[in-house]
Amino acid sequence: MRTTAESTEPSAATALLRFATAGSVDDGKSTLVGRLLHDSTSVPSDQLEAVSRASRARGQETPDLALLTDGLRAEREQGITIDVAYRYFATPRRRFILADTPGHVQYTRNMVTGASTAELAVVLVDARNGVVEQTRRHAAVAALLRVPHVVLAVNKMDLVDYAEAAFATIADEFAGYAASLGVPEVTAVPISALAGDNVVTRSAHMDWYSGPTVLEHLETVPVTHDPTDDPARFPVQYVIRPRTAEHPDYRGYAGQLASGVLRVGDRVTVHPAGRSSTIAAIDALGQSVEVAWAPQSVTLRLADDLDISRGDLIAPANAPVRAGQDLAATVCHLHDRPLRPGDRVLVKHTTRTVKAIVKEIPTRLTLADLSQHPDPGELAANDIGRVVLRTAEPLAVDPYAASRRTGSFLLIDPADGSTLTAGMARAATGSP
Amino acid sequence: MTGSSFTGVTYPPFTLTHVDALESEAVHIFREVAGEFERPLILFSGGKDSLVMLHLALKAFAPAPLPFGLLHVDTGHNFPEVLRFRDETVAEHGLRLHVASVQRYLDNGRLRERPDGTRNPLQTLPLLEAINEHRFDAVFGGGRRDEEKARAKERVFSLRDEFGGWDPRRQRPELWQLYNGRHSPGEHVRVFPLSNWTELDVWQYIAREKIVLPSIYYAHRREVFSRSGMWLAPGAWGGPKDGERVATRLVRYRTVGDMSCTGAVDSDADTVEKVIAEIAASRLTERGATRADDKLSEAAMEDRKREGYF
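Heads up: the protein sequence lines correspond to chains R and B, in order. Just so we're aligned: the first sequence equals residues 1 to 432 in this note's numbering. Just so we're aligned: the second sequence equals residues 1001 to 1310 in this note's numbering.
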């Protein structure tokens, strides 16, 4: 049944891992990222030369690896990371896309941004300080965003004499906290980003540690998720109607499978209208196939001529989505303008954008102790809270816990188009 | 880095290789723009990134014709073989091509030649005026985040103000695969479907899809002269100057752009397979190896992008 995986030439066949890093200002995150890129020989010599030149111009004797990742003029002037940057590197075993998220003041929204597409998060702590509030915040965000794998990198081991006890205390405390958050898997690694211990190469100072280096773990962590486990979800992006002499009657629904597997012959239902038909054909970018799976971009043709347009969602008839106009969600507010009950917003969910009103903000989360603060009145930038929305039209939404793709949404300001809030649906939407 | 050691590895059913995942993501981006914007446009130079972009766009809407037009900003110093290739490609697929000419702006006095002779920064004004004139609201560019440190900060959907400017400190956060293309009249959105591709990914895709490129991407003998450590092609644009000696060398280009600032590299890679092997072993980025304009200052790309450059 497989098509592309076997026909692809071997050199292009390595898998891709998207991961995010999180750490507060002085934990050495930029150094870790620089070390990871440098020691895996992923830094081209002209970039390294540019970093050396810039470091010398600042009076630094050794190249400051943090300059590899701080790309903007303002970042380099202030020596801080302002915004998420994406880095690319490869080893013979895997390709990596790294969302390098800043640990500075705007930590939460930037980490939410980086974690939204990540399959793994690296949380950095300073071995001298142990688990601090910021560490708990990062773990909570990773749990909230349902990042499947978390790595705890206990950095600056060189400053605690590479002592096993120091590492074990931190690793145990973090593991307990992560378990209470529902993080499925934590791997703790003792490192020194500055000295290069256990980042890419094994440390000579910590023979008591027998686990993988950070890079070894990144290369081997299983990320292939079997899409047959999930119900198929196909948000319709665009209707392809050539109306050409060659294809006078072609009518295809273009989209990317958000989850699951679809086969020719499957009985499907179109949401929110609720009409059903059968998949007559699947076109995988010009090639006719029998089966497609997430996250392939394909075009479906149905046996019946239904009224289907952008924003509709095609799902198996035996695994429907609940559609409704009341949406309860956990959100991270991103914009400096606060979010308040009564606000009129747009909800962008998969390929559908609808008007909505913020009905309630029942609670705001205190990240330090994970307590819910009732009735906060508003959510400010970086706040995480619960929100109840009423949408102008029904939305077919899955719980975020079941699908990161069909359970996530944005709130957009209808006046100026700003992205206000990132949302994770809590439960299936209720009936009107 | 070619991964040849992976020959024979079998993947579990229902996985995607990284090239398939990148292709699927880029197609998703093209279709999002087609679904949400009124007047999108593809920036097209005939170079490898824009050819890969065009190939992906054609696949995304097949069997329907491409729902976008193309725009080339011609510096007047482009390689003749690339311009020829551009026109052949447009004719082959029956596409609509707009050309914004830097030379015309110089001729009518609206732009002035720079002392260093490079015309790359001069492209911004003709580009922005073409966008305004035709009221394009989404403009696809072939930019990749691996190219340059300012580009590493670039969103897939990048809002530009009415002056075409990019403000890196006021970018919209971009989460999941939910791209926000909302904009006010006069503003437009730059869209980068190849954001997550690297140079090697682009070449592996060219190999797999058998995409034909202008011949100058492959090793050939040509006349070049050395300036600032780069092999430049002589031409009416202003080279060689006194003391610069022309020699015939076996070279190829990793990027194509304005002849005054795009250098060739010594290479005997005359097939796509040899090019992939060469890039995988190279310790230089394509821009570091062959672009003079990025070396003007530590933040040259960021500064140009703020002004409206792609």
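The hints are simulated quantities; they were obtained by calculation from the structure and are not laboratory data. Be aware that one or more of the hints could be misleading.
[Stated by the list, open to error] Distance condition first, Cα-Cα at most 20 Å in a straight line; then the derived EDC-like pairs of lysine to aspartate or glutamate: (1) K359/R <-> D369/R; (2) K1059/B <-> D283/R; (3) K359/R <-> D283/R; (4) K355/R <-> D375/R; (5) K1059/B <-> E1081/B; (6) K1059/B <-> D126/R; (7) K355/R <-> D413/R; (8) K1059/B <-> D326/R; (9) K355/R <-> D416/R; (10) K1241/B <-> D1270/B; (11) K1059/B <-> E246/R; (12) K1210/B <-> E1092/B.
None of the values given here were measured: they were computed from a predicted structure.
Comparing the hints with the structure gives:
no.	hint	in the structure
1	K359/R <-> D369/R	violated (27 Å)
2	K1059/B <-> D283/R	holds (10 Å)
3	K359/R <-> D283/R	violated (42 Å)
4	K355/R <-> D375/R	violated (24 Å)
5	K1059/B <-> E1081/B	violated (26 Å)
6	K1059/B <-> D126/R	violated (49 Å)
7	K355/R <-> D413/R	holds (10 Å)
8	K1059/B <-> D326/R	violated (38 Å)
9	K355/R <-> D416/R	holds (14 Å)
10	K1241/B <-> D1270/B	violated (30 Å)
11	K1059/B <-> E246/R	holds (17 Å)
12	K1210/B <-> E1092/B	holds (16 Å)
The earlier numbered hints that this structure contradicts are 1, 3, 4, 5, 6, 8, 10.
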